[in-house]
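There are 2 protein chains.
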Amino acid sequence: MAESGGKQEYYIGVDLGGTKILAGVFSHNLKCAGRAKVSTKAQRGPEAVIERIARCVRDAVDECDLDLKKVKGVGVGAPGPVDPENGHVIVAPNLGWEDAPLKKELEKLLDTPVFVENDCNVCTLGVYECELQSKPKDVVGIFIGTGIGAGLILNGKPYSGFNRSAGEIGHMVVEVGGPKCSCGNRGCFEAVASRQAIFRKIQAAVKDGQKTILTDILGDDILDMRSGDLRKALRKGDKFLEKLIEEAAEYIGIGVANVINLLNPEVVVLGGGIIYALEDDMMAIIVETAKDYALSGTAKGIEIIASKLGDDAGIVGGAVLARRETK
Amino acid sequence: MAESGGKQEYYIGVDLGGTKILAGVFSHNLKCAGRAKVSTKAQRGPEAVIERIARCVRDAVDECDLDLKKVKGVGVGAPGPVDPENGHVIVAPNLGWEDAPLKKELEKLLDTPVFVENDCNVCTLGVYECELQSKPKDVVGIFIGTGIGAGLILNGKPYSGFNRSAGEIGHMVVEVGGPKCSCGNRGCFEAVASRQAIFRKIQAAVKDGQKTILTDILGDDILDMRSGDLRKALRKGDKFLEKLIEEAAEYIGIGVANVINLLNPEVVVLGGGIIYALEDDMMAIIVETAKDYALSGTAKGIEIIASKLGDDAGIVGGAVLARRETK
Numbered sequence: 001m002a003e004s005g006g007k008q009e010y011y012i013g014v015d016l017g018g019t020k021i022l023a024g025v026f027s028h029n030l031k032c033a034g035r036a037k038v039s040t041k042a043q044r045g046p047e048a049v050i051e052r053i054a055r056c057v058r059d060a061v062d063e064c065d066l067d068l069k070k071v072k073g074v075g076v077g078a079p080g081p082v083d084p085e086n087g088h089v090i091v092a093p094n095l096g097w098e099d100a101p102l103k104k105e106l107e108k109l110l111d112t113p114v115f116v117e118n119d120c121n122v123c124t125l126g127v128y129e130c131e132l133q134s135k136p137k138d139v140v141g142i143f144i145g146t147g148i149g150a151g152l153i154l155n156g157k158p159y160s161g162f163n164r165s166a167g168e169i170g171h172m173v174v175e176v177g178g179p180k181c182s183c184g185n186r187g188c189f190e191a192v193a194s195r196q197a198i199f200r201k202i203q204a205a206v207k208d209g210q211k212t213i214l215t216d217i218l219g220d221d222i223l224d225m226r227s228g229d230l231r232k233a234l235r236k237g238d239k240f241l242e243k244l245i246e247e248a249a250e251y252i253g254i255g256v257a258n259v260i261n262l263l264n265p266e267v268v269v270l271g272g273g274i275i276y277a278l279e280d281d282m283m284a285i286i287v288e289t290a291k292d293y294a295l296s297g298t299a300k301g302i303e304i305i306a307s308k309l310g311d312d313a314g315i316v317g318g319a320v321l322a323r324r325e326t327k
Numbered sequence: 001m002a003e004s005g006g007k008q009e010y011y012i013g014v015d016l017g018g019t020k021i022l023a024g025v026f027s028h029n030l031k032c033a034g035r036a037k038v039s040t041k042a043q044r045g046p047e048a049v050i051e052r053i054a055r056c057v058r059d060a061v062d063e064c065d066l067d068l069k070k071v072k073g074v075g076v077g078a079p080g081p082v083d084p085e086n087g088h089v090i091v092a093p094n095l096g097w098e099d100a101p102l103k104k105e106l107e108k109l110l111d112t113p114v115f116v117e118n119d120c121n122v123c124t125l126g127v128y129e130c131e132l133q134s135k136p137k138d139v140v141g142i143f144i145g146t147g148i149g150a151g152l153i154l155n156g157k158p159y160s161g162f163n164r165s166a167g168e169i170g171h172m173v174v175e176v177g178g179p180k181c182s183c184g185n186r187g188c189f190e191a192v193a194s195r196q197a198i199f200r201k202i203q204a205a206v207k208d209g210q211k212t213i214l215t216d217i218l219g220d221d222i223l224d225m226r227s228g229d230l231r232k233a234l235r236k237g238d239k240f241l242e243k244l245i246e247e248a249a250e251y252i253g254i255g256v257a258n259v260i261n262l263l264n265p266e267v268v269v270l271g272g273g274i275i276y277a278l279e280d281d282m283m284a285i286i287v288e289t290a291k292d293y294a295l296s297g298t299a300k301g302i303e304i305i306a307s308k309l310g311d312d313a314g315i316v317g318g319a320v321l322a323r324r325e326t327k
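If you read the protein sequences in the order shown, they are chains Y and W. Throughout the first sequence, residue numbering follows the numbering used here, covering 1 to 327 in sequence. Throughout the second sequence, residue numbering follows the numbering used here, covering 1 to 327 in sequence.
Hints are computed from structural coordinates only; laboratory data are not their basis. Fair warning: there could be bad hints in the mix.
[As the list claims (entries may be wrong)] Where chain Y lies over chain W, by a calculated footprint (3+ residues, C-beta under 8 Å):
1. 157 to 166
2. 249 to 261
3. 289 to 299
4. 302 to 315
[Said to hold, decoys possible] Calculated cross-link-like contacts (lysine to any residue; reagent style SDA-like; alpha-carbon spacing at most 25 Å):
5. W:K135 x Y:D224
6. W:K243 x Y:V176
7. W:K327 x Y:N155
8. W:K137 x Y:K291
9. Y:K291 x W:G178
10. Y:K180 x Y:K135
11. Y:K211 x Y:D224
12. W:K69 x W:I90
13. W:K211 x W:D281
14. W:K243 x Y:R186
[As the list claims (entries may be wrong)] Derived CB-CB ranges, DEER-like:
15. W:Q196 x Y:K180: 28 to 38 Å
16. W:G156 x Y:G45: 53 to 63 Å
17. W:K207 x Y:G237: 48 to 58 Å
Given the structure is predicted, the values throughout are model-derived calculations rather than measurements. Backbone N, C-alpha and C define an ideal beta-carbon position, used for all residues, glycine too.
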């Protein structure tokens with residue numbers, strides 16, 4: 001700390017997604033000084049994407065009139081299991097990557113230390129240090145978006161297990177024989193409670209003649225639906241949608257209860273696009289259902305909360321990762 | 001270690017169950033020197049049961065011509081969440097206990113250090129040190145008996161979470177809307193894969209006129225069924241039972257996959273009466289189903305094995321707990 005003079009230390013967090021890359025520059029106290037966003041262009045292959053990450057980082061640094069030399073480290077959340085020792089992305093289905101040496105290549109391009117972790121772990125780390133002040137011992141972050149993933153902090157440290165793939169909660173079976181999941185199995189948590197699962201149900205119902213305010217908002221082509229559209233239709237009193245979102249919230253509550261029964265963490269924090277857009281409609285039902293399904297006494301005192309970081313969880317978490325690793 | 005002279009050190013493991021208490025005396029190398037068993041008589045209340053534990057311990061010590069003074073510590077596995085700091089059993093539904101000061105009272109009666117932990121954690125600890133030589137970093141032990149419970153070793157240490165109730169895997173929902181569970185909810189793992197669930201299915205089928213070799217073995221009153229009877233009927237070629245056990249093994253495999261997806265431990269070890277009696281009939285199906293339901297790549301290299309300790313897991317684990325705590 002001494003050698004770099006307190007306030008001048010900066011960390012960069014990168015959220016590497018299937019469609020977009022976000023980068024944020026943060027001070028030591030996790031104040032955001034600047035940010036940038038570029039599309040991922042995954043189809044161009046790992047080398048090109050890593051160059052785009054580097055460009056996004058440089059854009060964010062430029063945005064806040066900084067020099068990359070002032071940056072102590074870059075933390076990247078990648079959409080798949082990661083070997084944090086060598087910074088390889090073991091596999092990332094959304095990017096078409098296998099064993100990609102992200103850390104090494106990005107360090108070459110940026111001449112700055114780079115640290116890589118799984119995106120859900122990074123988001124949970126961001127929530128843990130930024131929202132929860134690192135106080136709880138054990139935290140599980142559950143992120144409900146297109147898919148569902150989780151990050152685990154156990155005994156104050158990110159936990160990723162034998163193949164670095166802990167937290168694949170989206171593929172926890174909650175309904176044997178239930179709806180088909182993208183993984184090939186049936187009844188996965190992701191197949192009943194993700195944005196994709198919700199959209200699929202709406203599309204099927206509309207095809208069967210169900211009336212919904214969504215078609216008034218979006219026209220007949222509801223394939224372009226976004227989480228925010230659901231919120232708008234709910235505000236306009238769409239009863240069909242209300243029931244459907246209630247059902248999804250119940251499934252999420254059951255998923256949370258499964259986590260509480262198995263891991264009994266002090267805090268379960270929910271994030272991701274669906275929670276961000278529908279917090280007011282879902283959280284009370286999620287909490288009530290989770291407490292109903294947790295074994296008597298096991299949920300006592302456990303907090304089930306929605307993250308306030310929203311879409312920023314990834315870049316904040318990346319900065320936290322870089323701050324941790326360069327200590 | 002120096003002060004007590006190596007080979008003369010003994011540890012006692014106690015398995016406190018709803019119907020019986022087992023105690024075993026073990027050398028430092030976990031060789032069993034003697035054992036005893038008494039019925040629990042839970043209806044007489046905590047004080048009487050704790051006296052019976054003390055008697056069982058004295059019986060086991062007497063059995064191997066030892067003096068209680070040679071015993072460095074007693075480790076007890078209790079059927080419920082435990083506060084290991086003060087050795088209180090927080091709650092034990094099978095015993096009707098709430099906040100019972102087991103450690104303190106038993107230490108008074110035995111004048112020897114006593115350590116208390118949840119029974120599934122204790123069994124997993126026994127398997128971990130005795131069968132796995134403490135090598136894996138993360139191990140989950142799943143015990144399938146009348147109910148289903150799990151013990152977690154994470155980063156080489158027992159993990160019990162915020163309310164000390166981690167591992168309540170029996171109440172993880174795997175089939176929303178499924179069969180009713182003793183906890184009041186529906187579709188719990190325990191409600192589809194425990195001994196109780198299997199017996200309930202057999203009884204319902206027999207009531208509906210299903211033929212099974214079990215009725216030849218046990219007569220019309222199949223309420224006294226034990227896990228060993230299932231094995232006998234399977235050996236005699238009972239096709240109905242074969243299918244039913246196959247189905248239960250598939251459910252267990254799904255439960256194991258859920259653990260692998262969420263925690264990605266290096267080893268999942270299965271134990272308890274059902275696994276002990278039906279290992280040959282169930283394990284291949286359990287392993288195959290678990291690998292099918294684990295997300296692609298996540299189960300790679302993960303061992304899914306049956307414990308060889310059988311009914312001794314509790315007393316071995318108790319001795320391991322005492323050995324750890326008196327180091």
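Hints and how they fare:
1. 157 to 166: holds (count 8)
2. 249 to 261: holds (count 6)
3. 289 to 299: As far as the region 289 to 299 of chain W goes, the hint holds, because 8 residues have Cβ atoms under 8 Å from chain Y.
4. 302 to 315: It is violated, with 1 qualifying residues against the three required.
5. W:K135 x Y:D224: Violated, at about 51 Å.
6. W:K243 x Y:V176: 17 Å, holds
7. W:K327 x Y:N155: Holds - the C-alpha atoms of N155 (chain Y) and K327 (chain W) are around 23 Å apart, at most 25 Å.
8. W:K137 x Y:K291: Violated. K137 (chain W) to K291 (chain Y) sits at ~31 Å, over the 25 Å cutoff.
9. Y:K291 x W:G178: Status holds; Cα separation ~19 Å.
10. Y:K180 x Y:K135: 39 Å, violated
11. Y:K211 x Y:D224: Distance ~17 Å between K211 (chain Y) and D224 (chain Y) Cα, so the pair holds.
12. W:K69 x W:I90: 29 Å, violated
13. W:K211 x W:D281: Distance ~20 Å between K211 (chain W) and D281 (chain W) Cα, so the pair holds.
14. W:K243 x Y:R186: 21 Å, holds
15. W:Q196 x Y:K180: 28 to 38 Å: 31 Å, holds
16. W:G156 x Y:G45: 53 to 63 Å: For G45 (chain Y) against G156 (chain W), whose Cβ atoms are near 40 Å apart, the range 53 to 63 Å is violated.
17. W:K207 x Y:G237: 48 to 58 Å: 50 Å, holds
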